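Q: Generate the whole structure from the sequences, applying the supplied hints.
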Amino acid sequence: MGAASDEPRTDPVELRSARRQLVVNASGLVASDIGFGLVFGLTARSSGFSPIEAIAFSVIVFAGASQFAAAGMIAAGFAWPAILVLTALVNARHLLYSAAMAPWLRTQTLRKRIVMAHVLTDEAFALSSVHFRRLGWGDPVGYWIAAVGLTFIPWNLATIVGVFGGQFIPDPRVLGLDVIFPAAMAGLAVGLASGRREVAAAATGVACAVAIGLLWNSAVGIVVGGAVGPLVGLALPGGPAYDPVDATDPGLDAGLPS
Amino acid sequence: MSTNLVALAVLMALVTYPSRAIPLLAPGFDRLPPRALEYLRLVGPAVLASIAASQIFLVPATNGAASTFSINVEWLAVAACVLIVAWRRNLLLGLIMAVIIVAGARATGLAA
Chain A
1 MGAASDEPRT DPVELRSARR QLVVNASGLV ASDIGFGLVF GLTARSSGFS
51 PIEAIAFSVI VFAGASQFAA AGMIAAGFAW PAILVLTALV NARHLLYSAA
101 MAPWLRTQTL RKRIVMAHVL TDEAFALSSV HFRRLGWGDP VGYWIAAVGL
151 TFIPWNLATI VGVFGGQFIP DPRVLGLDVI FPAAMAGLAV GLASGRREVA
201 AAATGVACAV AIGLLWNSAV GIVVGGAVGP LVGLALPGGP AYDPVDATDP
251 GLDAGLPS
Chain B
1 MSTNLVALAV LMALVTYPSR AIPLLAPGFD RLPPRALEYL RLVGPAVLAS
51 IAASQIFLVP ATNGAASTFS INVEWLAVAA CVLIVAWRRN LLLGLIMAVI
101 IVAGARATGL AA
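Going down the list, the sequences are from chains A and B. For the first sequence, the numbering used here begins at 1 and goes up steadily by one. For the second sequence, the numbering used here begins at 1 and goes up steadily by one.
These are computed hints drawn from the structure, not numbers from a lab. Keep in mind that a hint or two might mislead.
Stated by the list, open to error - One side of the interface only, derived from the structure: several residues of chain B facing chain A at Cβ under 10 Å: (1) Ser2; (2) Ala49; (3) Ile71; (4) Val99; (5) Leu110.
What the hints assert, rightly or not - Here are the simulated distance ranges between beta carbons: (6) A/Val174 <-> B/Arg88: 23 to 33 Å; (7) A/Val13 <-> B/Trp87: 24 to 34 Å; (8) A/Leu236 <-> B/Trp75: 23 to 33 Å.
Stated by the list, open to error - These stretches of chain A come out as covered by chain B in the derived footprint (C-beta under 8 Å, 3 or more residues): (9) 125-135; (10) 145-158; (11) 164-172; (12) 185-194.
Remember, predicted model here, so these are calculated numbers, not experimental data. All C-beta atoms in this analysis are idealised placements derived from N, C-alpha and C, irrespective of residue type, glycine included.
A: See the structure below:
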């Protein structure tokens with residue numbers, strides 16, 4: 001394979017600029033995470049969780065959609081095996097994220113990758129993918145910034161605040177914050193779409209996600225869309241063989257001077 | 001203070017971790033052929049677009065069954081964000097516009 005994640009070749013000034021853009025790109029997602037972390041803390045308490053249990057969910061599971069689903073199922077009296085099956089299904093898409101991140105992070109030590117895997121979320125994947133593509137190599141500091149600094153810490157701090165004071169906080173939906181997550185996912189997909197193969201993969205992903213979601217289950221639709229979309233993209237005639245080293249692109253502009 | 005659900009959290013993490021970790025930790029991913037790397041490069045736009053579509057077009061059923069189709073103001077907001085990102089390459093600006101559209105529509109009673 002190409003040297004997707006070999007030693008950095010980026011000018012320090014350019015690297016700082018890219019990381020700054022990563023942070024600014026993430027600002028909307030951080031606001032969204034904080035809003036829904038607060039709501040999760042409140043939801044967990046109202047579902048009968050103790051503060052320790054609610055906080056343990058955000059630290060140990062660290063997967064928002066399945067946390068909300070589990071809180072609802074616990075409140076409804078579902079048995080644990082049913083919750084575990086749904087959790088595995090909802091979080092199956094992480095397999096695709098992990099596979100896509102692997103070439104970029106392959107030079108990291110096993111110990112680091114073990115921890116990196118735990119903090120791999122929708123947000124970490126989306127932000128890191130754009131950041132790595134911009135640089136042309138897998139910047140581990142950028143990954144930690146995206147996964148821990150901009151996702152894990154805000155989500156967990158917000159959960160704690162939600163557990164102890166959630167009843168005083170307005171519903172993020174009233175403020176329109178619930179649109180940030182899908183808008184950010186769509187915007188980051190556009191940031192990654194630099195050719196017709198990417199556009200075809202994304203369009204196929206959308207079609208699969210909607211069709212299978214309507215016929216069966218939305219979590220299954222996301223996994224199938226993420227797996228089948230690239231196959232359709234690959235079926236199109238492409239440019240020269242993909243070499244991650246040469247695959248740098250300007251990515252998303254954070255609106256900052258570079 | 002109850003800690004019974006901490007065990008459930010651990011079990012949920014145990015069923016989630018393999019999907020997060022196996023490709024990252026598997027040594028075979030060091031030597032993938034170019035075609036497989038190209039496939040993985042396309043996973044990003046495909047799965048992110050799938051998530052966005054699932055969130056704005058579908059209303060999930062609470063029991064894990066099939067979702068229902070939804071027509072809502074989020075379509076317009078996400079479309080505006082996509083257009084701004086495609087035009088200006090500025091995600092933050094796109095997100096601000098999306099929030100303004102949704103919050104404005106709800107504040108004025110145009111959307112639920």
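Q: Give me the numbers of the hints this structure contradicts, sorted from smallest to largest.
A: 3, 5, 10, 11
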